[in-house]
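Engineer: Residue strings, one per chain:
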Amino acid sequence: MSQQSNPFLQPDGKKSSCMQMLQLILDGEANPEQKEYFKYHMDKCMPCFKTYEVDMTIKEMLRIKCRGDEVPNDLVEQLKDQIKQKIAS
Amino acid sequence: MEEVHRQTYGEKEKNEIFNNEFLPHIHSMYNFGYRLTLDRDDAKDLVQDTYMKAYRFIESFQKGTNAKAWLFRILKNSFINDYRKKSKEPSKVDYQEVETYYNSEDVDRQITPDLRVEALKDMIGDEISNALNSLEVDFRTVIILCDLEGFKYDEMAKILDIPIGTVRSRLHRARNLLKEKLSEYAQQMGYKNTKL
Chain A
1 MSQQSNPFLQ PDGKKSSCMQ MLQLILDGEA NPEQKEYFKY HMDKCMPCFK
51 TYEVDMTIKE MLRIKCRGDE VPNDLVEQLK DQIKQKIAS
Chain B
1001 MEEVHRQTYG EKEKNEIFNN EFLPHIHSMY NFGYRLTLDR DDAKDLVQDT
1051 YMKAYRFIES FQKGTNAKAW LFRILKNSFI NDYRKKSKEP SKVDYQEVET
1101 YYNSEDVDRQ ITPDLRVEAL KDMIGDEISN ALNSLEVDFR TVIILCDLEG
1151 FKYDEMAKIL DIPIGTVRSR LHRARNLLKE KLSEYAQQMG YKNTKL
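In order, the protein sequence lines correspond to chains A and B. So for the first sequence, the working numbering puts the first residue at 1; every next one is plus one. So for the second sequence, the working numbering puts the first residue at 1001; every next one is plus one.
Pulled out of the complex, with its shape left as it was, chain A reads as follows:
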């Protein structure tokens, strides 16, 4: 793939850095053309490949480990009561 077809080029013609490309891929913000380019790029850029693996693992672990807090049992009921009181007043 040639330099000219780099789909990560910014409006001012500047190339995006590895980190900027990686972030778009990681966050699902890259378009299909950019994804394809990045796959090709990773084959020849070891730091990108390794960072991608680490970043994906962290993203996954954050989702698994930091979303488990139980909502207090009475929260929804209390909210509904407050709304009822508001309507009644």
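Hint data in this document are derived by calculation from the structure and do not stem from the laboratory. Do not take every clue at face value.
[As the list claims (entries may be wrong)] Here are some, though not all, of the chain A residues that point toward chain B, as calculated from beta-carbon distances under 10 angstroms: (1) P32; (2) K39; (3) D43; (4) I58; (5) Q78.
[To be verified] Partial selection, computed: residues in chain B whose CB lies under 7 angstroms from chain A: (6) Y1034; (7) K1063; (8) V1117; (9) I1124; (10) S1129; (11) D1147; (12) Y1153; (13) I1164.
[Unchecked claim] Using 30 angstroms as the maximum straight-line C-alpha spacing, the simulated BS3-like pairs for lysine-lysine come out as follows: (14) B:K1053 with A:K86; (15) B:K1121 with A:K44; (16) A:K14 with B:K1152; (17) B:K1158 with A:K14; (18) B:K1076 with B:K1192; (19) B:K1181 with A:K59; (20) B:K1181 with B:K1192; (21) B:K1044 with A:K86; (22) A:K65 with B:K1181; (23) B:K1014 with A:K59; (24) B:K1044 with A:K80; (25) B:K1121 with A:K50; (26) B:K1014 with A:K86.
Here a beta-carbon is modelled for each residue, glycine too, at the ideal position from N, C-alpha and C.
With the hints as your guide, set chain B onto chain A.
Structural biologist: Below, chain B without anything else, positioned relative to chain A:
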């Protein structure tokens, strides 16, 4: 966001929106409140306050649109205006500097701290959670919105009232800080520094 056109809802319709569009997000909202305040009672108060505001301003919400982003925005604003003012000093982070760095040639130089997938997979305790909680609240917030809740950049920009470019640079900085913290944990667990 979806606040431009005021709607007219009857009492029944208001309750339907509240029950069917707002309440299903209670888990994410409570988690967001907790990750911002780092206190379960404060999180509960913040979520209650947010839902009461959402009900009060329900006519600013257009049925069927992005309720989750709308609620997150209200919660974030409540946190800044009511909670953070009481308890914390204003942020000392220079965001201009964060953005300039993100757009500079240097952004790739320190490509990642010394962290390996195997070390991360060994973190079976509270390391990830503690590392997230240790970040300055504005950095913590972008990680919560993006990685925990899966918001897109444009949604985050609306929730936080910042340009998309700033979302990206702040996220980049936040992730690097998180990795630095996780690297410290990895070293404590006996993993040696291994530069990529």
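Engineer: Are the hints correct? Go through all of them and say.
Structural biologist: Structure-based check of all given hints:
1. Annotation: P32 of chain A was flagged as interfacial toward chain B, and the flag is violated, the nearest CB pair being 16 angstroms apart, outside 10 angstroms.
2. Annotation: K39 of chain A was flagged as interfacial toward chain B, and the flag is violated, the nearest CB pair being 19 angstroms apart, outside 10 angstroms.
3. With its C-beta approaching chain B no nearer than about 16 angstroms, D43 of chain A sits outside the 10 angstroms limit, and its interface hint is violated.
4. Contact between I58 of chain A and chain B, as hinted, is supported at the beta carbon level, the nearest pair being about 6 angstroms apart and thus within 10 angstroms.
5. At a threshold of 10 angstroms, the smallest CB-CB gap from Q78 of chain A to chain B is about 7 angstroms, leaving the interface hint in force.
6. Hint status for Y1034 of chain B: holds, given a least beta-carbon distance of 5 angstroms to chain A, under 7 angstroms.
7. Interface restraint check: K1063 of chain B against chain A, minimum CB-CB distance 17 angstroms, threshold 7 angstroms, status violated.
8. For V1117 of chain B, the interface hint holds, the least distance from its beta-carbon to any beta-carbon of chain A being 5 angstroms, beneath 7 angstroms.
9. About 9 angstroms separates the beta-carbon of I1124 of chain B from the nearest beta-carbon of chain A, more than 7 angstroms, and the hint is not met.
10. Hint status for S1129 of chain B relative to chain A: holds, with the closest Cβ pair at about 5 angstroms, below 7 angstroms.
11. Among the interface hints, the one on D1147 of chain B holds; its C-beta lies about 5 angstroms from the nearest C-beta in chain A, closer than the 7 angstroms criterion.
12. Using the Cβ-Cβ criterion of 7 angstroms, the hint placing Y1153 of chain B at the interface with chain A is satisfied: the shortest such distance is roughly 6 angstroms.
13. The beta carbon of I1164 of chain B is not positioned within 7 angstroms of any beta carbon in chain A (closest approach about 9 angstroms), and the interface hint is therefore violated.
14. Our distance criterion of 30 angstroms between C-alpha atoms is met by K1053 of chain B and K86 of chain A, whose separation comes to about 12 angstroms.
15. For the suggested pair K1121 of chain B and K44 of chain A, the alpha carbons sit about 26 angstroms apart, so the restraint of at most 30 angstroms is met.
16. At roughly 24 angstroms between alpha-carbon atoms, K14 of chain A and K1152 of chain B fall within 30 angstroms of each other, so this suggested pair holds.
17. Straight-line distance between C-alpha atoms of K1158 of chain B and K14 of chain A comes to about 27 angstroms, which keeps the hinted pair within the 30 angstroms bound.
18. A threshold of 30 angstroms between alpha carbons decides the hint, and for K1076 of chain B with K1192 of chain B the separation of about 39 angstroms lies outside it, so the pair is violated.
19. Between the alpha carbons of K1181 of chain B and K59 of chain A the distance comes to roughly 15 angstroms, so the proposed pair stays at or under 30 angstroms and holds.
20. Restraint check for K1181 of chain B and K1192 of chain B: satisfied, since their Cα atoms lie roughly 15 angstroms apart, inside the 30 angstroms limit.
21. Taking the CA atoms of K1044 of chain B and K86 of chain A, the gap is near 19 angstroms; set against the 30 angstroms cutoff, the hint holds.
22. With a C-alpha separation of about 16 angstroms, the suggested pairing of K65 of chain A with K1181 of chain B holds against the 30 angstroms cut-off.
23. Pair hint K1014 of chain B plus K59 of chain A does not hold up; C-alpha atoms about 36 angstroms apart against a cutoff of 30 angstroms.
24. A hinted pair counts as satisfied when its Cα atoms are at most 30 angstroms apart, and K1044 of chain B with K80 of chain A qualifies at roughly 14 angstroms.
25. Straight-line distance between C-alpha atoms of K1121 of chain B and K50 of chain A comes to about 15 angstroms, which keeps the hinted pair within the 30 angstroms bound.
26. Proximity of K1014 of chain B to K86 of chain A is assessed by CA-CA distance (about 13 angstroms); at most 30 angstroms being required, the pair is judged to hold.
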